[in-house]
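So you can see what is in the structure, the chains are spelled out below.
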Amino acid sequence: DSGVTQTPKHLITATGQRVTLRCSPRSGDLSVYWYQQSLDQGLQFLIHYYNGEERAKGNILERFSAQQFPDLHSELNLSSLELGDSALYFCASSAGPSSTDTQYFGPGTRLTVL
Amino acid sequence: EDQVTQSPEALRLQEGESSSLNCSYTVSGLRGLFWYRQDPGKGPEFLFTLYSAGEEKEKERLKATLTKKESFLHITAPKPEDSATYLCAVRAGTASKLTFGTGTRLQVTL
Chain A
1 DSGVTQTPKH
11 LITATGQRVT
21 LRCSPRSGDL
31 SVYWYQQSLD
41 QGLQFLIHYY
51 NGEERAKGNI
61 LERFSAQQFP
71 DLHSELNLSS
81 LELGDSALYF
91 CASSAGPSST
101 DTQYFGPGTR
111 LTVL
Chain B
1001 EDQVTQSPEA
1011 LRLQEGESSS
1021 LNCSYTVSGL
1031 RGLFWYRQDP
1041 GKGPEFLFTL
1051 YSAGEEKEKE
1061 RLKATLTKKE
1071 SFLHITAPKP
1081 EDSATYLCAV
1091 RAGTASKLTF
1101 GTGTRLQVTL
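Which chain is which? The protein sequence lines are A and B, in order. 14 is the number that the numbering used here gives to position 14 of the first sequence; each next residue is one higher, with no gaps. For the numbering used here, count along the second sequence from 1 and bump the result up by 1000.
So here's chain B without its partners, still in its complex pose (with noise of 0.2 Å):
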């Protein structure tokens, strides 16, 4: 069965502090990795997909990278408005369904 685990649950960064979150995979037939940021009580934003290990997709501030394990979401120099739950996703063989982690709970204070 496929499984994503993503690390650390809580990040609490200052603003300007760069770090990274963790997204760890097991699937048998990757098809993509998918990147999502999620506001209390609102819908997943789309925010990148990987589809092969080496790929990586920049916006802004963020930066997705992808290995044959697992995926890195770096985030250089956050501001408060970075702060959500940030959540990834795989998609494996011809399976429908995006099976996700539990997400990393981002804070960015001044």
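Chain A extracted, bound-state conformation (with noise of 0.2 Å):
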């Protein structure tokens, strides 16, 4: 157990709806990551959020939006959503924003579109 909780576990919705993931970060820890992974894709980064604020953004779609709130949770929003966006969807979480840090990785959120 790496101590980073996501949920739901498991989602399933139907195309052009809009779903929210949340990842609650270890104890201590500031920084948030989002990935996303499909079977053609490996493991891709989607964006970071530092204490609050916004630090780097990777392949994300403009229909995709996340936060991190005061409390440190983070939540990832997808919208409109289509076939392709069926994906596992993994939050990471590490103590600062340095490169260097160990990202832990938790369960997972499995988004299937129909």
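Watch out, some of these pointers could steer you wrong.
In silico DSBU-like pairs for lysine-lysine, Cα to Cα no more than 30 Å straight-line [what the hints assert, rightly or not]:
#: 1; chain 1: B; residue 1: LYS1068; chain 2: B; residue 2: LYS1057
#: 2; chain 1: A; residue 1: LYS9; chain 2: A; residue 2: LYS57
#: 3; chain 1: A; residue 1: LYS57; chain 2: B; residue 2: LYS1069
#: 4; chain 1: B; residue 1: LYS1042; chain 2: B; residue 2: LYS1057
#: 5; chain 1: B; residue 1: LYS1042; chain 2: A; residue 2: LYS9
#: 6; chain 1: B; residue 1: LYS1069; chain 2: B; residue 2: LYS1059
#: 7; chain 1: B; residue 1: LYS1059; chain 2: B; residue 2: LYS1079
#: 8; chain 1: B; residue 1: LYS1068; chain 2: A; residue 2: LYS57
#: 9; chain 1: B; residue 1: LYS1079; chain 2: B; residue 2: LYS1069
#: 10; chain 1: B; residue 1: LYS1042; chain 2: A; residue 2: LYS57
#: 11; chain 1: B; residue 1: LYS1069; chain 2: B; residue 2: LYS1057
#: 12; chain 1: B; residue 1: LYS1042; chain 2: B; residue 2: LYS1059
Keep in mind that the hints were calculated from the coordinates and are not lab data.
Using the supplied hints, reconstruct the complex from the two chains, each of which is provided in its own coordinate frame.
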């Protein structure tokens, strides 16, 4: 158990809908990262928040957005969902923003878009 | 752009048959090379971080090594419970992201 929690574990929805994925980092960690894992793409970085502020964006679609709240939990919002958005979404956390910090991953949310 | 290539894609070993997994990388300003283990449908589980060439780390039957161009994950006398996908990732410069390889699927049979 990494100490990172994610809810829900599974999500099934229809095209065009909007969903919210939630992540709580390990106790004491200030950085939260979101990754997408699909069969053909592997693990892809989406976005990084540190202590409530956005630090970096990866290949995140405009239909996707995220935020980190004062209690440090984070939410990833996915809208106008398409079939291709079906994937595993992982949250990771680390102590700080440093590029040498180890990222610890949560159990993931499996999103299925029908 | 940072690149990570892992080989082989899949590896089948018998229990007790030692082997090595390879991770080749091309980055500008390596800040860390990370090994993770991932079971099907689960999140990646952290194994090791290596920061500089020549560094080695061990944990039970696993040993990770790092050179300027690649890293090896050596598995000594594996057991069936070592079956998983092993992922290698790098972090470079001041980048937030981890760049992952596509992994090596390891199956250890009795």
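Results of checking the hints against the structure:
For the hint pairing LYS1068 (chain B) with LYS1057 (chain B), the CA-to-CA distance comes to about 16 Å; that is within 30 Å, so the pair holds. Of the pairs offered as hints, the one joining LYS9 (chain A) and LYS57 (chain A) holds, with about 24 Å between alpha carbons and a cut-off of 30 Å not exceeded. Pair hint LYS57 (chain A) plus LYS1069 (chain B) holds up; C-alpha atoms about 27 Å apart against a cutoff of 30 Å. For the hint pairing LYS1042 (chain B) with LYS1057 (chain B), the CA-to-CA distance comes to about 24 Å; that is within 30 Å, so the pair holds.
About 10 Å separates the Cα atoms of LYS1042 (chain B) and LYS9 (chain A), which keeps this hinted pair within 30 Å; it holds. The straight-line distance between the Cα atoms of LYS1069 (chain B) and LYS1059 (chain B) is roughly 23 Å, inside the 30 Å bound, and the hint therefore holds. Taking the CA atoms of LYS1059 (chain B) and LYS1079 (chain B), the gap is about 14 Å. The hint holds against a cut of 30 Å. As the CA atoms of LYS1068 (chain B) and LYS57 (chain A) are separated by approximately 28 Å, the hinted pair is consistent with the 30 Å bound.
Using a Cα cut-off of 30 Å, the hinted pair LYS1079 (chain B) and LYS1069 (chain B) holds, with the two alpha carbons roughly 29 Å apart. A C-alpha spacing of about 24 Å is found between LYS1042 (chain B) and LYS57 (chain A), which places the hinted pair at or below 30 Å, so the restraint holds. Distance check on the hinted pair: LYS1069 (chain B) and LYS1057 (chain B) sit about 17 Å apart at the alpha-carbon level, within 30 Å; holds. Taking the CA atoms of LYS1042 (chain B) and LYS1059 (chain B), the gap is about 21 Å. The hint holds against a cut of 30 Å.
In the structure shown, no violation is registered for any of the earlier numbered hints.
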